[in-house]
Amino acid sequence: MEPQDTEVATEIGDQTVAKPLLAVENLSKSFGIQPLWRNVSFTLHEGESLSICGASGSGKSTLLLAIGGLETVQSGTVMFDGHPVIGGRQAHVKGIGYVFQHYHLVEELTVRENLLLPFSIRFGSRQMPDIWDEVLDLLGLKELLDRLPTVLSGGEQQRAALARAVLAKPKLLLADEPTGSLDEATGARVMKLLLQVCRCFRMSLILVTHSPMFAEQTDRRMVLKNGFLSEQTP
Amino acid sequence: MVLRQMNAVFVEPSLHGKLSSAFPIAIFASPTHHGCTVGHRWNFLLAWRYLFPKKRFGTFFTWMSVVGIAAGVALLMIVLSIMNGFDTHIAEKLIQINGAIKIIARRPVAKDEVFLENIRRLPHVKAITPYVAGISMMQVGERVALPKCLGLDAETAGSVLPLERFLAKGSLDGLKDGAWVSESLAHECGLDVGDTFELYSPLALEAMKKEELLLPREVTVAGLFKTGWAEADRSTVLLPLELSQELYALSDNVHGFSVEADRKHLGEVCRAINNLLPPGLVAYTWNTLNADFLYILKLEKAMCFFVLLFVVAVAAFSMSSGLMSAVVRKRRELSLLRTWGATRTDLSLVFGLQSLLLGFLGLLAGFVAAAVILHERNAIVRGLTGWLLPKDALWNFYDVETLPAVWSRQDMLWIALLTLTMTLLASLLPIGRMYKLPLVQNLRRG
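As they're listed, the protein sequences go chains F and D.
Oh and the first sequence: position 138 is 138 in the working numbering, straight run, nothing missing.
Oh and the second sequence: position 324 is 558 in the working numbering, straight run, nothing missing.
Honestly, I wouldn't trust all of these hints.
Mimicking DSSO-like on lysine-lysine, the simulated pairs with C-alpha atoms at most 30 Å apart in a straight line are [to be verified]:
| # | chain 1 | residue 1 | chain 2 | residue 2 |
| --- | --- | --- | --- | --- |
| 1 | D | Lys288 | F | Lys169 |
| 2 | F | Lys169 | F | Lys94 |
| 3 | F | Lys169 | F | Lys19 |
| 4 | D | Lys498 | D | Lys535 |
| 5 | D | Lys360 | D | Lys498 |
| 6 | F | Lys142 | D | Lys670 |
| 7 | D | Lys360 | D | Lys382 |
| 8 | D | Lys460 | D | Lys443 |
| 9 | D | Lys288 | F | Lys142 |
| 10 | D | Lys535 | D | Lys336 |
| 11 | F | Lys19 | F | Lys225 |
| 12 | F | Lys94 | D | Lys670 |
Quick caveat, the hints were computed from the structure, so don't treat them as lab data.
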């Protein structure tokens, strides 16, 4: 049976098991003969948040991009929402949103235009984000809509980048060190908002971070060490 | 509330006083029952904003590119318009000097033939006059010259050639029994109105062979003339028809006829005349007679167009290098746009549109600049000639009171077409660069 939505479940006997939103199986990547990570496998369900910690250069960001289909892999599969994600071939996988350490806001556009740009690319001008008001209220962006990104603080820019990522209501949000460019207090505020937004709109989250403090705030924590991904139990 | 808010931002013109924001509103906003977003033509908005960011009246790159293209376009337009002006001026002079249609006889022909009356009756024919043309030797004291002599019928020549306009000094009636000498020749020989000179017939040579002596004719200068056509003004003498017939021993015959006709029907009239002419006589329009010269003018103009087009090409490729830098500078943004679903074609459109917009703005600015400069051309030229050249040198040589300039719609269309094509071609370099962008690396790097 083809999955229709993440709500679709498979019946095994008299038990009902929810199908995972994301299934990563035996993913391996190497640069030349040097393996980066091997046989990475995990699943993620709808609304679940997961953090990936690890030392610099351990391949966390590469893993995140491979999950989103932006990076090629040597072996393994990624199934998102019942469909395979073909690594490196597709720049855009419907239902996946990104937040990066660097906000990448378009300097020449106002915050409002920045927020609407990805929505326009995906859906054209016939539709408006139906969670526009809620997202702006939640992230406190209403006052900043007509400003240019260049006059915003780092925290404001990251909030705008977060709003831009969630307005299209992706099922999965991939966040690559979203607080990496912010000071501790601002980072904590942005992190809190990120988790709040994901909970509010039932988005799954994979967070790549160096900070154990932020990692602890997610439902599940994984560590990438010596090329292997292992789950940490609380 | 949301919809109203969106409309206010993307449609309400009062919120956007500046050009940088007004343009996308006019083009990209498409009101629907849902209100307006950035617009389904987001490529247009992005292209426009890269050139004219919000709250700024364009970037340095934008204006430099526009100025570069405008300079090339203006230069092309000015040079071609002045060349057109001179071409028109030259054409007018050629017609004034030779007549619109010339009937040339292989052998001297009687000036009162029957066919002449039939030609006069043809539609669009205004007048016809006979002429005699040749070279003779003139002597003024010790000075000798070999001017071109043109014998004209004082009664009818004025209706075909603008003799009154050519006359610089003397009287129109003087051509009945005296000669008109071109100003340069008169100046060279020290002649003035009322002076006399001796004119030798070329037949004197034949007479000498027979050991006969043919005495020269003494001719009085009745007028000095200037046509404005350097070749004619250098060394020409206009003589009464009877005198020139005598000079060349033609009795009552002539060398040909000049015809004045409606300029719009010259070809048609020329064909009709040729149908009436007996063998040995052929009618030519002024442009057939000067076909080689007109071809050279055309060639000169085409070469000027070709050479000056390189100025636009340089401006277009300088713009292209600016866009290449923009691609490198914006590589992270472009990669991010790809993750949202923008295809490479969409992104190519952003850069192609920027090129076209710059080309279009440069074209407009160039045409406006050319119009202003051409409007003020005489003041500019007078300033320059007064400053750099001896005053009136230009007027003396070309006989133009004002620098001629004629706008040609065809030239404008060609300039517009080639400028936009070149700017579009120039965008292929940044587009090619954009196609090679490594998506993943750009997203990772800060």
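Against the structure, the hints:
1. D:Lys288 <-> F:Lys169: holds (28 Å)
2. F:Lys169 <-> F:Lys94: Holds, at about 10 Å.
3. F:Lys169 <-> F:Lys19: Answer holds: F:Lys169 to F:Lys19 is near 20 Å, not above 30 Å.
4. D:Lys498 <-> D:Lys535: Given that 30 Å is the threshold and the Cα spacing comes to 24 Å, the pair holds.
5. D:Lys360 <-> D:Lys498: holds (13 Å)
6. F:Lys142 <-> D:Lys670: violated (38 Å)
7. D:Lys360 <-> D:Lys382: Distance of about 27 Å is within 30 Å: holds.
8. D:Lys460 <-> D:Lys443: violated (37 Å)
9. D:Lys288 <-> F:Lys142: With a Cα-Cα distance of about 18 Å, the restraint between D:Lys288 and F:Lys142 holds, given a limit of 30 Å.
10. D:Lys535 <-> D:Lys336: The given pair, whose Cα atoms are some 27 Å apart, holds under the 30 Å limit.
11. F:Lys19 <-> F:Lys225: holds (28 Å)
12. F:Lys94 <-> D:Lys670: At roughly 24 Å apart (the allowed maximum being 30 Å), D:Lys670 and F:Lys94 satisfy the hint.
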